[in-house]
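> Listed below are the residues making up each chain.
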Amino acid sequence: MYNETVIDHFNNPRNIGELSDADGVGETGSFKCGDTMVLYIKVKNERIEDVRFQTYGCGAAIASSSMLTEMVKGKKIDEAMQITNQEVADALGGLPPLKLHCSNLAADALHNAIIDYRQKQGAS
Amino acid sequence: MYNETVIDHFNNPRNIGELSDADGVGETGSFKCGDTMVLYIKVKNERIEDVRFQTYGCGAAIASSSMLTEMVKGKKIDEAMQITNQEVADALGGLPPLKLHCSNLAADALHNAIIDYRQKQGAS
Amino acid sequence: MQNQLVYMDHGATTPVRKEVVDSMLPFFQEQYGNPSSLHTPGRKVRQAVDEAREKTAQALGADPEDIYFTSGGTESNNIAMRGTAKNRSGGGHIITSSIEHHAVFDVCRDLENEGYKVTYLPVDQFGRVSPEMVRKAIKPDTFIISIMAANNEIGTLQPIREIGSLAGELGILFHTDAVQVVGQLPVNVDDLNVDFLSLSAHKFNGPKGIGALYVRKGVKVDSIYRGGSQERKMRPGTENVPGIIGLSRALELAVSDIPKKKKRLEALRDELIGGLLRIDDVVLNGHPEQRLPGNVNVSFKHIEGESVLLSLDMEGIAASSGSACSSGSLEPSHVLSATGLDQSTAHGSVRFSLGWGNSKEDVDYVLQKVPSIVERLRNISPTYHSR
Amino acid sequence: MQNQLVYMDHGATTPVRKEVVDSMLPFFQEQYGNPSSLHTPGRKVRQAVDEAREKTAQALGADPEDIYFTSGGTESNNIAMRGTAKNRSGGGHIITSSIEHHAVFDVCRDLENEGYKVTYLPVDQFGRVSPEMVRKAIKPDTFIISIMAANNEIGTLQPIREIGSLAGELGILFHTDAVQVVGQLPVNVDDLNVDFLSLSAHKFNGPKGIGALYVRKGVKVDSIYRGGSQERKMRPGTENVPGIIGLSRALELAVSDIPKKKKRLEALRDELIGGLLRIDDVVLNGHPEQRLPGNVNVSFKHIEGESVLLSLDMEGIAASSGSACSSGSLEPSHVLSATGLDQSTAHGSVRFSLGWGNSKEDVDYVLQKVPSIVERLRNISPTYHSR
Ligand SMILES: Cc1ncc(COP(=O)(O)O)c(C=O)c1O
Ligand SMILES: Cc1ncc(COP(=O)(O)O)c(C=O)c1O
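Residue numbers (the working numbering), protein chains in the order written: chain U, 1153 to 1276; chain W, 1153 to 1276; chain F, 404 to 790; chain S, 404 to 790.
Bound conformation, chain U alone:
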């Protein structure tokens, strides 16, 4: 069902946890299957310097979150904003069709985190 990359990210997820001094926090979830992701970013010079995630969900959800954090670390936030869920799935070498809809939402959490960061910047 899941390929080895997915299993690897599920088993050894990268960048798990919270960032207490996060510059942006984004959340997303699927009502249907209950999956929930929270993404924390630390931004420096418009670049994502650090990133952490917490995910409640199935194997695909956890692996997608983990893969996303790897993909964005060090990236400019403008570029990070362009990352799609499909790209995350592709980076994982593909996900089962059923999982594409509801468990592959990490990019959404990231976008929400970036928006949160921008809002906080605007506010400060």
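What you were told as hints is all true, and nothing was included just to trick you.
Incomplete in silico selection of chain U near chain S, CB under 8 Å:
#, residue
1, Phe1162
2, Asn1163
3, Gln1206
4, Thr1207
5, Tyr1208
6, Gly1209
7, Gly1211
8, Ile1214
Below, computed lysine-lysine pairings styled on DSS-like, alpha-carbon distance capped at 25 Å:
#, chain 1, residue 1, chain 2, residue 2
9, U, Lys1184, F, Lys636
10, F, Lys458, F, Lys447
11, F, Lys772, S, Lys447
12, F, Lys623, S, Lys489
13, F, Lys636, S, Lys489
14, S, Lys636, W, Lys1184
15, F, Lys489, S, Lys489
16, S, Lys458, S, Lys623
17, F, Lys663, F, Lys763
18, F, Lys489, S, Lys520
19, S, Lys489, F, Lys520
20, F, Lys447, S, Lys421
21, F, Lys623, F, Lys520
22, S, Lys542, S, Lys520
23, S, Lys421, F, Lys421
24, F, Lys489, S, Lys623
No lab work stands behind these hints: they were computed from the structure. Being a predicted model, the structure only gives us computed values, none of them experimental. Backbone N, C-alpha and C define an ideal beta-carbon position, used for all residues, glycine too.
For chain U, the structure is supplied; the task is to place chains W, F and S with the ligands on it using the hints.
Relative to the frame of chain U, chains W, F and S with the ligands by itself:
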């Protein structure tokens, strides 16, 4: 499906053939399955002295005919008139349910032969 | 009674080949997982089922996703016919033949009672449906045509390709009950231009209780019962995994054997037909050439089929009279009646259906035994004497 | 990854016992005749099928003629429900529960669309239907009640005997889906007072793709598809002979093992439940006592079932989350929702279903692995941290 008695009567039918000098000839058939029986009797002193049959039909039809001829040989025609198809089936040790309806008509042929005999007597 | 068995009832069912049994065995005690399960033992079985689907598809020139495994030919036929009808509210017109297997025929009868219109096409004396007749029967609301690829009793092959291209031309769905043909003759769903094709494993040396339905992509058909999401909800219920594996293996073997098997069976068949026709008052039922490689169906006049079967059985020869499935019935075969055979000749029909295991010796043995059986029974028969 | 397999998914399917495979084997290559055939090889097989029917009947306290072999539990359920409904023109009222298997539930949904009225009875927090509720739901036109004997997900046993006597009192037909119970607990159709009972062989160490439906004598039910006259036309199609033989053998063995198996599994089950409940934030789903001997269903809060299954799988433990049949679905289980479990707890449910092959070592192994899996996943989970 068929018991050993049936198979024996099917394999070695008793009293097959015609009686050229029959005193009575009876026929019967099932429209449904196409079975046809012809029974020839020779009567002496109101007793069935000889009997022969010809049957077109399945194993049960042939065996019933054969068994019937054994049952009636030497019998008084009044008694023979009382023989039922069920008694023939019982004498064979039973027939499959489906065969009770259409292939077990030998007693009817016998009754017709006796009626034929009586009519011929009346006519003469 | 004797022990030798000459099995000539392959139209009813066939022995399962050893290779097929071997392919099934691991799926009972070792790879027993449920293919719907998420865990490794389940996923391994899912993979095996997927491979079986691919093999099955390949043997029919179809896409794997167009193959649905069922519990047999009967269920496949029912899904194709009722599942298609269900999808149309407000009736419509169905074209079929008057010699279909009960699994098509009786569904059509039911659908008639439910308000659908059905045309049962006549056949010629050889049991052939003419494509021209099909064309003439088409009405504006005809939504499906169902014509069997070969008849199970008399073995007549139908002009499926011609009917298929006609149906395709007019945009009408086309189902063929190919239960008697798959594994005996080459079958390619695109070549035949069919939308549905039914098959049953036990007719080609596979196990009983497993079949398949090919459904062309894009064709809408409803399932006939409900449950889990197996077979994409078309045929719910935990998959008969050993059956599926066995079906695909049997089909693979049968298809690869066709070239040599067909020739061999045709030669045996023609020899048996020739020998039987040398007996007085014997007629061949079905088409002299357009017939299944292994099918021999003759009528012995003046005697009745069952009594012949019984006598053959006592010589160790297994044959049948009409369809094995309807042997419980007393009615004369609707197939033989449809060919115009008179009722009493129809009652004397016997089918010898040859298969892979039969040899020239078997044919010789049958030809040695039949004449005396026929003679004995004719001697008892009133109609023979009154000629 | 490691190789040891601890299979705790017997609710999904079970390995076929060696004795059962052995009983089936002669019916592939040797006794391959079609039981409908007239000849000796066919008749021998018919006899074997008859004996299998007797054995099956005996195991259920039923008459052999009241047993119909089907392709599995799904088909049995469909025949009972749809076949009964079909026989009533003009609708009527059906009572069922809100936790039935899809093979009953979805048929009821269909029937609703076709004009029948259906009451889906609620269950209590343990998943129990109350006979009192059944009584209150009865309307003048209620013609069938269908309540499963035990639920496949949470293992809750239903008060079938009480509902049966209620139905009998009022002259309403009563069907029970006993797929999860047959072979696990004693079942007697007269004692339970059921008119229909569905079972599936692969749930009691028999083969997949074969099941049976008990139908009480005199009860009218229509078949759901058409074909030959097999199974007295209730279930047409060439019989799955090896399957029928395997079913009857597996049932015979399972029933004779019940006394010792039940005790053993209950002890293992309770030990596993006890051990799992020692982990923080774990709740038992289903009834604490009125549950299947081998069923353990718990929810691990803050984590999702599939991720637990995946982690278990990597330790060589096969379990499931909800019904295996609906594992393709993303919806939270309708069963757990019906018990009133909140959605997120429902998502964390895992079923361990024990069977004959499981040992105390298996339970110990699972109890050794689960805590660290749960901890690891909770460490990733946002809801655990935000408590
Ligand atoms: C032409 C044809 N269609 C359908 C069937 C039904 O197949 P099964 O008995 O495997 O369901 C048969 C065999 O009996 C058949 O010969
Ligand atoms: C309670 C219940 N009913 C019906 C079924 C369906 O049985 P099968 O998949 O063998 O058709 C199952 C098993 O999946 C079940 O657990």
